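**Q** Numbering (UniProt numbering), first residue to last: 1 to 385.
Think of the hints as simulated: they come from the structure by calculation, not from any bench. Treat the numbers as computed from the prediction; the structure is a model and nothing was measured. Glycine is no exception: its CB is placed at the ideal position from the N, C-alpha and C atoms. Some clues are possibly wrong.
Said to hold, decoys possible - Result set (EDC-like, lysine to aspartate or glutamate): computed pairs, CA atoms no more than 20 Å apart in a straight line: (1) 217 <-> 167; (2) 72 <-> 47; (3) 375 <-> 271; (4) 185 <-> 199; (5) 299 <-> 240; (6) 143 <-> 47; (7) 276 <-> 258.
What the hints assert, rightly or not - Between beta-carbon pairs, the in silico distance windows are: (8) 176 <-> 351: 28 to 38 Å; (9) 70 <-> 92: 19 to 29 Å; (10) 132 <-> 321: 37 to 47 Å; (11) 295 <-> 153: 30 to 40 Å; (12) 295 <-> 92: 48 to 58 Å; (13) 43 <-> 350: 52 to 62 Å.
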Amino acid sequence: MAVKKHSSLDKVLGRLDQLDEPNLHNLVQRLARERAMLEAVFNTLQEGVLVIDVGGLIDYANEAAARLIGLKEPAAGGSLWRLVPGLHDSLAGADSDAPLVTREFELAYPSPRLVRLYMVPFADGEHGPRRAIILSDITAERKSTAELIENEKISSILLLAAGVAHELGNPLNSLTIHLQLIDRKLKKLKASKETRSLEDSIKVCRDEVTRLDGIIKNFLEAIRPRPPDLAELYLPDLIEEVLHFQARELADRGIKVEGEMPAGTPMIMADRDQLKQVFFNLIKNAMEAMQPGGRLSLKLRADDDSVYVALADTGSGIKTEDLAKLFQPYHTTKVSGHGLGLMIVQRILRDHGGHVGIESKEGVGTVVTLQFPQKHRRVRMLAGG
Numbered sequence: 001m002a003v004k005k006h007s008s009l010d011k012v013l014g015r016l017d018q019l020d021e022p023n024l025h026n027l028v029q030r031l032a033r034e035r036a037m038l039e040a041v042f043n044t045l046q047e048g049v050l051v052i053d054v055g056g057l058i059d060y061a062n063e064a065a066a067r068l069i070g071l072k073e074p075a076a077g078g079s080l081w082r083l084v085p086g087l088h089d090s091l092a093g094a095d096s097d098a099p100l101v102t103r104e105f106e107l108a109y110p111s112p113r114l115v116r117l118y119m120v121p122f123a124d125g126e127h128g129p130r131r132a133i134i135l136s137d138i139t140a141e142r143k144s145t146a147e148l149i150e151n152e153k154i155s156s157i158l159l160l161a162a163g164v165a166h167e168l169g170n171p172l173n174s175l176t177i178h179l180q181l182i183d184r185k186l187k188k189l190k191a192s193k194e195t196r197s198l199e200d201s202i203k204v205c206r207d208e209v210t211r212l213d214g215i216i217k218n219f220l221e222a223i224r225p226r227p228p229d230l231a232e233l234y235l236p237d238l239i240e241e242v243l244h245f246q247a248r249e250l251a252d253r254g255i256k257v258e259g260e261m262p263a264g265t266p267m268i269m270a271d272r273d274q275l276k277q278v279f280f281n282l283i284k285n286a287m288e289a290m291q292p293g294g295r296l297s298l299k300l301r302a303d304d305d306s307v308y309v310a311l312a313d314t315g316s317g318i319k320t321e322d323l324a325k326l327f328q329p330y331h332t333t334k335v336s337g338h339g340l341g342l343m344i345v346q347r348i349l350r351d352h353g354g355h356v357g358i359e360s361k362e363g364v365g366t367v368v369t370l371q372f373p374q375k376h377r378r379v380r381m382l383a384g385g
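When you get a sec, could you build the whole thing from the sequences and use the hints?
**A** Structure representation (structure tokens):
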């Protein structure tokens, strides 16, 4: 038979009516200290802690729980069922005698979150049955898991396709050589209407072979990335260089370029060649999305940790259903696109510790935002790592 142990506090409370005023005062102070300590411990937890009665009324909520479910203050009061609609129905089927109940649910307020709930029943002799609830925010965990699964899936597809791409390279080389031989022999023949027609056909074939060869090279570069060769980089200078390189095409298309690149923009650590490829791809995409007379805007800004570049165009925009697929290999919204450009951009940004985000509205245009860690932030991360 188990023996119930009594703490020294239990013994004191058992003879409470025998305490004189000084001892009673000391006891109250001790209880207040212990309560404050427990309150501080619970409020340091990242997990939300709740105590509710059988009707869902909140008897206790720590600060993390208040943040998660939208309580204005981490205090008792209010109905959990009202604050988290649908949770009551989800828990209604749980066995009231079950030692542990686990659920996962989505919160829309105060901000979208995926939450895991653990609920344990316990008895309170004075107030009746109670439920202790622990809430864990698993949004980042679930997102990370989804990204890992997606990356593994893409890696499998890319490895398979890499073998195919490699095998395609040999016949393409052979085609190029034989087209050159045919072209040379054709030039030795007497010019006629038939030879000119053949020359046009050969040119089309050579152009298509060149295009296919470019797709294969881009693909192999995308799946065989090299680590960035990091050095100090001033983004405004790099962007000006890329714009200068593409100035002729921008002018031919009648596209106006607007830039806001404040002097003194913080330095970043980056691979110059890889970032030139990023901006070349993005500006090329913007040009191809716009009609003549369109406008391309490039704006730089910085906060304490990062440098941001926003590229906005006045193109046709992207359909909502296509936005989620933009970084998938071979998904393209262009007639002649190969669907690898944005995938390469995303990989390069990730390798630099940055992020790429895209917002778009059909008929209005698209904004691509790049985020790069500042040089000093990267140094702090490495030093602490």
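**Q** Now, for every hint given, state plainly whether the structure supports it.
**A** Verification of the supplied hints:
no.: 1; hint: 217 <-> 167; in the structure: 13 Å, holds
no.: 2; hint: 72 <-> 47; in the structure: 17 Å, holds
no.: 3; hint: 375 <-> 271; in the structure: 13 Å, holds
no.: 4; hint: 185 <-> 199; in the structure: 11 Å, holds
no.: 5; hint: 299 <-> 240; in the structure: 12 Å, holds
no.: 6; hint: 143 <-> 47; in the structure: 18 Å, holds
no.: 7; hint: 276 <-> 258; in the structure: 19 Å, holds
no.: 8; hint: 176 <-> 351: 28 to 38 Å; in the structure: 33 Å, holds
no.: 9; hint: 70 <-> 92: 19 to 29 Å; in the structure: 22 Å, holds
no.: 10; hint: 132 <-> 321: 37 to 47 Å; in the structure: 44 Å, holds
no.: 11; hint: 295 <-> 153: 30 to 40 Å; in the structure: 38 Å, holds
no.: 12; hint: 295 <-> 92: 48 to 58 Å; in the structure: 56 Å, holds
no.: 13; hint: 43 <-> 350: 52 to 62 Å; in the structure: 36 Å, violated
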